[in-house]
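Number of protein chains: 2
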Amino acid sequence: MSTTTTPTATIEKWGMFETEFTGPATGNPYLDVSFDAIFRLKEREVRVPGFYDGAGVYRLRFMPETTGEWQFETRSETPELNGHRGALDVVAPTGTNKGPVRVKNQFHFAYADGSPFLSFGTTCYAWTHQPLDEQAKTLQTLAKTGFNKIRMGVFPKDYPYNVNEPLHDIYHVVDGKRDFDQPNYEAFRHFDTQVAALRDMGIEADLILFHPYDRWGYCDMDEAQDYRYVAYLAARYGGFRNVWWALANEYDFLIDTKPMERWDRFFQILEEEDPARHLKSIHNGAADANYDHRKPWVTHTCIQNWDVKRTQEWRDTWGKPVINDEPEYEGDIIQCWGNITAQELVHRFWTTMMRGGYAGHGETYSHPDDLIWWAKGGVLHGEAWKRLKFMRAVLEEDVRGGLEPLGPQAQWPWHRVSGAQDGDVRYIYLGEHQPVIWTLGLPEEDGDYELDLIDTWEMSVTPLAKQTAPQNHPVRHGEIIRPRKPDAAFGVALPRKPGLCIRCRRKA
Amino acid sequence: MSTTTTPTATIEKWGMFETEFTGPATGNPYLDVSFDAIFRLKEREVRVPGFYDGAGVYRLRFMPETTGEWQFETRSETPELNGHRGALDVVAPTGTNKGPVRVKNQFHFAYADGSPFLSFGTTCYAWTHQPLDEQAKTLQTLAKTGFNKIRMGVFPKDYPYNVNEPLHDIYHVVDGKRDFDQPNYEAFRHFDTQVAALRDMGIEADLILFHPYDRWGYCDMDEAQDYRYVAYLAARYGGFRNVWWALANEYDFLIDTKPMERWDRFFQILEEEDPARHLKSIHNGAADANYDHRKPWVTHTCIQNWDVKRTQEWRDTWGKPVINDEPEYEGDIIQCWGNITAQELVHRFWTTMMRGGYAGHGETYSHPDDLIWWAKGGVLHGEAWKRLKFMRAVLEEDVRGGLEPLGPQAQWPWHRVSGAQDGDVRYIYLGEHQPVIWTLGLPEEDGDYELDLIDTWEMSVTPLAKQTAPQNHPVRHGEIIRPRKPDAAFGVALPRKPGLCIRCRRKA
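Chain order of the listed sequences is A and B. Quick note: the first sequence uses UniProt numbering, first residue 1, plus one each step. Quick note: the second sequence uses UniProt numbering, first residue 1, plus one each step.
Note that these hints are calculated values from the structure, not bench results. Note that CB positions come from ideal geometry on N, CA and C, so glycine has one too. There's no promise every hint is true.
Only pairs whose alpha carbons sit at most 25 Å apart, straight line, appear in this in silico DMTMM-like list of lysine to aspartate or glutamate [claimed, not checked]: (1) A/Lys-485 / B/Asp-370; (2) B/Lys-497 / B/Asp-370; (3) B/Lys-466 / A/Asp-369; (4) A/Lys-466 / B/Asp-370; (5) B/Lys-144 / B/Asp-370; (6) A/Lys-295 / A/Glu-313; (7) B/Lys-497 / A/Asp-370; (8) B/Lys-497 / A/Asp-455; (9) B/Lys-485 / A/Glu-250; (10) B/Lys-485 / A/Asp-370.
Residues on chain B that point at chain A, a partial pick, calculated with CB under 8 Å [unchecked claim]: (11) Trp-337; (12) His-433; (13) Gln-434; (14) Pro-435; (15) Glu-458; (16) Val-461; (17) Pro-470.
Bound conformation, chain A alone:
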């Protein structure tokens, strides 16, 4: 039993405490050695799993969620890893550190410090597997966009436009074959670097653990190998505040090798091995193959579906926040999930959020060298991302608790147009509708309101003037005349064009 005591570290709340120990370097420590630590603050205890990082190095990563003086002590059946003690002084967060993102108000998200998180995600499935200069470009590009989440695979991707070999193998190749009992620690260290880079840019890393687009054999790992891999990721990445767990892209296309029970178990392993309790989701391929997102270990519903006016239905069905990560992508490739116009993708974002959900961006313009953002990152060629950055900035001016739809999906007029509110702000997104006057969804009682017109494509916000609400025509059957009250206390006059959103804010 070792009794080393490391010096007290000072770390921000939601920062990552990391320490390393030396242990056995022979045999297969990945299989044979385990250790964890108990972190204590007063009467509170948190169990944090450690992980092997190759060459006899063992690491422990911990994201503290409470300020104060924490103590920890390692535990292991391997004597060199047992009984190490240490302390950390957890201080208040600084700068852009707002903590991990959690579910808030049932259908929404917030950082742990309470600030709202309006998810504006993008997708670069295999960006960490590209040449390093391409990865640098991806980070530069992300810095100028408004995306605050990125979906990215741990494994590389084998798919059209994705035939290059990855930067690193994820497991060691032994006799020309990957040995899924021997991780390539260099690959994981590189992945750490990029997850940290995203964290420092304020971008959530939505890590995809499994996907079916594989020529290396990752889909055929056996059950024990799968479980060990998931537990390893939990131990290695659970300490990063910006990590989200996406169990799969298109898990249903993997059902032939990984049955449903295994997916459930993956979730449970994350519950057991990730003391930071990061967000957890799973992603369907076929539109009718949703996982049962009501299961307790799923924190939010993750889907891909182009039919975004159904967003309220998905909220109602699963009772959790809805992120529609693939409402089809802006692009021009042959695959029709990846060739809608920029206008249409922007429209689907507004439609989704104005019905209480969140959408995801992707860009798939064909490129002579197959450098396509959706898989490889690099640079953006399209038009949607600029409008989404504008959209996020506009919404973040006012949205605090999350946008709740103004009505059920089936209710007039919300089956046709989209509207949402949060506190004293309301938005009515008209989309393909181009009325020259509007009232529905505006306040029923007059008051001191500020009205603006958001042109979602031109990225402008211009004041609107109140105008008299048109008198509703009475409903008459024969002699019976039923006067109808006006839809709202006032109306607004609008230009005749698509893609407009009315914003109505009550003045303070």
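Got chain A sorted already, so can you dock chain B onto it with the hints?
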């Protein structure tokens, strides 16, 4: 008993034979006098109801469906109307007379002579109730469009933008109140004139019998009055080959005064009283309030629903042709069923037809004098109608049996893009998708094909060249590589823009 024999008339097959008799002019013949005639051709007998037309005039209208020498004899308990005999020599149709439209191939329509009928309808609910010069304008406008069906109400309409008094009351006003036992025959004679005018232009008159937008009391007629009215219409208009029966616009908004059993009975009365068996449908208001269109008396499913990618679902549900008469209208009024862009309406037409259904047009631009096409006719101000005329012309080049969807709604890629075929022609309508290369839905075996690009908005048709189909990426799980056969024998290169349709025709 009268024994008058009228001279033999010569009439085209599917023409309208009309003859009149003099009978009682006192009392209330509408209530008290009935008569019909049996038309005979060899061993065939057809019972044709007659109707009263005011001032002691009784009429009989008959649309013969077989050439040859027909005999008829009237029957009535009223002696002056009983036993009239006559003959008609029914000859082959000429000119544009193709007969009435019937259901063909389960989901489609054809004229009785076998020529295809691709329904391109528009809506002018109350055009026959406007001033005569406006009605003349409506007919002039229709003549330059490509519409071959119009939805129109027998009753006038009370609704926003529809507050003027109708040209004629439908029933006599007695002591300031309409007497629903006394039709205003002048109103019906005028309606006859306009139904005939449409017929002579080759336009189907889709007659709406009831609707809820009423300030005259038509919604509150009692059950017997309702039944008498339906039977009267059957007798009066069954002889016109271009008549369709639309039991209601938005029957569900009338359920408070007319229960479901009454709607069933209306259908049955038409079955009993219309020997020409014209097409019969009924129209919902709320999206979830469809009548059970599977009932045997419904010839085709008539709905209003903006969600046009669900067209195959509606076909599957009801098993009959689907006409989506209100996939929202081009316009800019406050009501959001009437303010989509022209582009969107054209898109919805193509999407609907490329999934095996038919769509309906309407135009609702606000106008200083409330002269809006959708209700009053007059002139068109929009852009969709031109594209729909082009669309009809393009499709009529090739479509014979009807467009059948290339796949079920849920199937890749047909949940995203729309495709249909008929015999040797296929269309793939890409809509909001803008791939620069395409293969799916193109023939799997090579052959002598003619390929064209239809720009649905620019109204152009330009040749496309075949190009090598991209090799499909194999599906791999680990060591198992499953090569996938190409989607098609060849592909086409496309410009990157929305609203395109690929046409592929096998050369003769």
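Do the hints match the structure? See the list:
no. : hint                  : result
1   : A/Lys-485 / B/Asp-370 : holds, 22 Å
2   : B/Lys-497 / B/Asp-370 : violated, 36 Å
3   : B/Lys-466 / A/Asp-369 : holds, 24 Å
4   : A/Lys-466 / B/Asp-370 : holds, 23 Å
5   : B/Lys-144 / B/Asp-370 : holds, 22 Å
6   : A/Lys-295 / A/Glu-313 : holds, 17 Å
7   : B/Lys-497 / A/Asp-370 : holds, 21 Å
8   : B/Lys-497 / A/Asp-455 : holds, 22 Å
9   : B/Lys-485 / A/Glu-250 : holds, 22 Å
10  : B/Lys-485 / A/Asp-370 : holds, 22 Å
11  : Trp-337               : holds, 7 Å
12  : His-433               : holds, 5 Å
13  : Gln-434               : holds, 5 Å
14  : Pro-435               : holds, 4 Å
15  : Glu-458               : violated, 16 Å
16  : Val-461               : violated, 22 Å
17  : Pro-470               : holds, 6 Å
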